[in-house]
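**Student:** Letter by letter, the chains look like this.
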Amino acid sequence: MRLKIREALEGYAFSTPAFLLLFLVLFFPFAYVIYISFFSKTFGYEAVYSGLNNYMMIIRDPVFSYSIYISTLYTVIAVLFKLILGLAFAILFAQEFRGRSIVRTIAVIPWGIPLFVVAAIFFWFFDYNLGLLNIILKSLFGVKYFWLGPDLVIPSIIYVNVWKGIPFFMVNFLGALQTIPRSLYEAAEIDGASAWQRFMHITIPGIKYVMLIVCLLSTIWTFGEFDTIFFLTRGGPGYLTHIVPIYIYHQAFSNFNVGTAAAASVITVPIFLALISVILWALRR
Amino acid sequence: MGFKEVNWLKRSTSFLLKRIAIYVSAIIVFIWTALPLYWMIITAFRPEKEIYEGLVIPRQISIASILAIFGFGEEHITVGSTITPYIINSTYISIIVMVVSTVLGVLGGYALARMRFPGKDILSSMSLFAYVFPTVVIMVPIFYLFSMWKLVNSPTGLILALLSHTLPYTLWMLRGFFQTIPVDIEEAAFIDGCNRIKTIIRIVFPLSTPGIVATATYAFILAWNNVLFPLILISRTDLQVVSIGILNYMKADFVPWDRLMAASFIATLPPTLLFFAIQRYIVAGLTAGAVKR
Numbered sequence: 001m002r003l004k005i006r007e008a009l010e011g012y013a014f015s016t017p018a019f020l021l022l023f024l025v026l027f028f029p030f031a032y033v034i035y036i037s038f039f040s041k042t043f044g045y046e047a048v049y050s051g052l053n054n055y056m057m058i059i060r061d062p063v064f065s066y067s068i069y070i071s072t073l074y075t076v077i078a079v080l081f082k083l084i085l086g087l088a089f090a091i092l093f094a095q096e097f098r099g100r101s102i103v104r105t106i107a108v109i110p111w112g113i114p115l116f117v118v119a120a121i122f123f124w125f126f127d128y129n130l131g132l133l134n135i136i137l138k139s140l141f142g143v144k145y146f147w148l149g150p151d152l153v154i155p156s157i158i159y160v161n162v163w164k165g166i167p168f169f170m171v172n173f174l175g176a177l178q179t180i181p182r183s184l185y186e187a188a189e190i191d192g193a194s195a196w197q198r199f200m201h202i203t204i205p206g207i208k209y210v211m212l213i214v215c216l217l218s219t220i221w222t223f224g225e226f227d228t229i230f231f232l233t234r235g236g237p238g239y240l241t242h243i244v245p246i247y248i249y250h251q252a253f254s255n256f257n258v259g260t261a262a263a264a265s266v267i268t269v270p271i272f273l274a275l276i277s278v279i280l281w282a283l284r285r
Numbered sequence: 001m002g003f004k005e006v007n008w009l010k011r012s013t014s015f016l017l018k019r020i021a022i023y024v025s026a027i028i029v030f031i032w033t034a035l036p037l038y039w040m041i042i043t044a045f046r047p048e049k050e051i052y053e054g055l056v057i058p059r060q061i062s063i064a065s066i067l068a069i070f071g072f073g074e075e076h077i078t079v080g081s082t083i084t085p086y087i088i089n090s091t092y093i094s095i096i097v098m099v100v101s102t103v104l105g106v107l108g109g110y111a112l113a114r115m116r117f118p119g120k121d122i123l124s125s126m127s128l129f130a131y132v133f134p135t136v137v138i139m140v141p142i143f144y145l146f147s148m149w150k151l152v153n154s155p156t157g158l159i160l161a162l163l164s165h166t167l168p169y170t171l172w173m174l175r176g177f178f179q180t181i182p183v184d185i186e187e188a189a190f191i192d193g194c195n196r197i198k199t200i201i202r203i204v205f206p207l208s209t210p211g212i213v214a215t216a217t218y219a220f221i222l223a224w225n226n227v228l229f230p231l232i233l234i235s236r237t238d239l240q241v242v243s244i245g246i247l248n249y250m251k252a253d254f255v256p257w258d259r260l261m262a263a264s265f266i267a268t269l270p271p272t273l274l275f276f277a278i279q280r281y282i283v284a285g286l287t288a289g290a291v292k293r
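Protein chains in written order, with this note's numbering: chain R, 1 to 285; chain H, 1 to 293.
Since the hints were made in silico from the structure, they are not lab data.
These numbers come from a predicted model, not from an experiment.
Incorrect hints may appear among the rest.
Computed cross-link-like contacts, PhoX-like style, restricted to lysine-lysine with a CA-CA straight-line distance of at most 25 Å [said to hold, decoys possible]: (1) K198/H x K120/H; (2) K144/R x K18/H; (3) K49/H x K251/H; (4) K4/R x K120/H; (5) K49/H x K138/R; (6) K144/R x K251/H; (7) K4/R x K49/H.
Coverage of chain H stretches by chain R, computed from C-beta distances (three or more under 8 Å per stretch; other residues unrestricted) [stated by the list, open to error]: (8) 85 to 96; (9) 128 to 135; (10) 180 to 193; (11) 205 to 216; (12) 224 to 230; (13) 275 to 281.
Computed far set for chain R versus chain H, every beta-carbon distance over 10 Å [said to hold, decoys possible]: (14) A8; (15) L80; (16) I202.
Where a beta carbon is used, it is the ideal one built from N, C-alpha and C, also for glycine.
Produce the complete structure using the sequences and hints provided.
**Tutor:** Spelled out as structure tokens, the structure:
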């Protein structure tokens with residue numbers, strides 16, 4: 001009994017510094033954002049209690065509905081592409097071929113590059129007159145496009161996100177593929193299973209947990225990511241790429257409307273909580 | 001031609017087709033990944049005037065742009081003048097964040113992995129939640145509260161804000177690394193008369209050094225790569241970090257492409273090289289629970 005109490009005290013002594021700090025910089029601010037979302041508040045002025053007014057305002061704001069819509073669309077398409085291409089890359093690198101390790105190393109590089117550098121690179125890569133993409137298209141097909149213009153900006157930001165995100169999927173899938181016993185494939189081949197059947201009945205079931213967790217993590221991070229789109233388009237042209245994080249930023253730091261920015265932050269929380277709960281559940285299983 | 005030969009021919013054709021498919025895919029993967037990177041490196045290392053000629057392959061190599069962003073050689077530096085102070089700020093801020101989140105993460109992570117106390121599971125889940133949760137949600141209150149606490153435009157404020165992102169990560173990862181150390185070894189040490197602290201220093205640390213080093217390194221990377229907190233908390237140029245330095249180049253009416261790419265290249269070296277040094281530990285990290293199955 002005395003030992004147990006002693007151990008519990010030691011446990012608190014060890015973990016208190018970390019969680020005290022987290023309370024100060026994370027849990028308290030998190031509680032505070034919920035609190036302030038019920039106040040009408042502009043930087044420099046007193047906060048006035050306003051009930052659900054902020055929530056009413058953003059729900060009626062067409063820009064906010066659009067930002068939820070565009071964030072969802074952007075996230076779903078980007079994660080889908082990352083899943084398919086990440087799996088394709090992983091299957092490629094599971095094969096033996098000359099130069100495999102060097103191509104694989106290069107394919108992982110985007111994971112290691114900071115998002116703000118990815119944004120800078122593509123800002124230049126997409127440039128209308130001098131960017132590499134248009135130089136290549138001009139010399140091959142004689143066409144040039146405004147990649148960050150109104151018509152193509154959504155596919156372009158998805159392209160950037162997919163380029164950056166593939167290695168995370170690929171490396172995790174590659175690790176999972178290696179845990180599938182070779183004998184399963186050999187047995188299936190002897191039984192006359194086609195390559196597609198082997199893929200559907202051995203490969204996919206073998207990596208489905210990793211697929212689930214990787215997809216959920218990527219969904220959360222893609223939905224909540226601010227850096228690349230802010231650097232590339234700042235939410236424009238017009239409101240076209242006004243994803244939720246950029247909506248929150250603009251409410252707070254361009255319109256100086258803390259209350260509505262807080263309400264917009266709070267509204268997104270259930271989405272993230274639901275996704276994270278599924279991850280926790282999957283990790284525990 | 002006998003049956004055997006036909007069969008052999010069929011097999012070798014399909015083998016050949018498979019080899020061709022593999023090499024073609026490998027070339028596509030290579031081009032897909034390398035093209036934007038090539039464009040950054042080539043722009044950073046060619047003479048500035050060549051950029052406006054629209055050539056894919058440089059005629060000359062030059063490090064003038066790299067020197068220019070550090071304030072050497074060029075006379076007409078306009079935007080953001082030099083990135084040297086940004087690099088210095090990013091470096092020392094990231095190092096402090098790394099040290100604090102590792103020390104607190106080792107203590108807390110060990111407690112979460114090994115000690116039995118009420119509330120432990122909740123704290124564990126909280127650290128995962130906190131790590132996975134997007135920082136945009138606390139952007140508004142962090143700015144608001146830090147304004148009241150006089151932590152805006154202060155390195156301390158930025159460090160504290162960054163810790164909200166790195167500390168949950170170190171806690172969760174180190175908890176995982178400590179769990180992989182066999183309990184028997186520690187129990188043996190207890191029986192031999194070592195107390196808790198002695199056991200940790202003599203047994204646990206040496207066994208988990210790679211995990212601690214990798215986690216600390218990734219905390220450094222997270223701090224270096226962060227955009228949101230310096231963007232909202234720091235407006236003084238002399239306190240600004242490298243991510244916002246890059247943004248300043250991009251915001252110019254007339255973007256200095258060579259310097260933007262030179263600065264990007266320099267800014268990406270520390271995190272990318274460190275990332276490759278610790279990559280295999282990170283991969284084993286968050287999804288480890290799932291991969292093991």
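**Student:** For the pair supplied as a hint, K4/R and K49/H, is the alpha-carbon distance within the 25 Å limit?
**Tutor:** violated, 73 Å
**Student:** Is it the case that I202/R keeps its Cβ farther than 10 Å from each residue Cβ in chain H?
**Tutor:** Correct as stated: the minimum Cβ-Cβ distance to chain H is 15 Å, above 10 Å.
**Student:** What's the verdict on K144/R and K18/H, does the C-alpha distance respect the 25 Å limit or exceed it?
**Tutor:** Not OK: K144/R and K18/H at ~36 Å, beyond 25 Å, violated.
**Student:** Next pair to validate is K144/R with K251/H; report whether the Cα-Cα distance is within 25 Å.
**Tutor:** This hinted pair holds, its Cα atoms lying about 23 Å apart.
**Student:** Quick one, are K49/H and K138/R close enough, alpha carbons at most 25 Å?
**Tutor:** holds, 21 Å
**Student:** Tell me if chain R covers the segment 180 to 193 of chain H under the three-residue, 8 Å CB rule, please?
**Tutor:** violated (count 0)
**Student:** Do at least three Cβ atoms from the segment 224 to 230 of chain H come closer than 8 Å to Cβ atoms of chain R?
**Tutor:** holds (count 4)
**Student:** Would you say the segment 85 to 96 of chain H counts as covered by chain R, given the rule of at least 3 residues with C-beta under 8 Å?
**Tutor:** With 0 residues in contact (Cβ-Cβ under 8 Å with chain R), the coverage given for the segment 85 to 96 of chain H is violated.
**Student:** Need the status of pair K198/H, K120/H: alpha-carbon distance at most 25 Å?
**Tutor:** holds, 23 Å
**Student:** Decide if the proposed pair is consistent with the structure: K4/R and K120/H, CA atoms, cutoff 25 Å inclusive.
**Tutor:** Holds - the C-alpha atoms of K120/H and K4/R are around 14 Å apart, at most 25 Å.
**Student:** State whether the coverage of the segment 205 to 216 of chain H by chain R holds or is violated, taking the criterion as 3 or more residues with Cβ-Cβ distances under 8 Å.
**Tutor:** Three-residue rule not met by the segment 205 to 216 of chain H, so violated; n is 0.
**Student:** Is it the case that L80/R keeps its Cβ farther than 10 Å from each residue Cβ in chain H?
**Tutor:** holds, 17 Å
Checked against the numbered hints given earlier, this structure breaks hints 2, 7, 8, 10, 11, 14; the rest are met.
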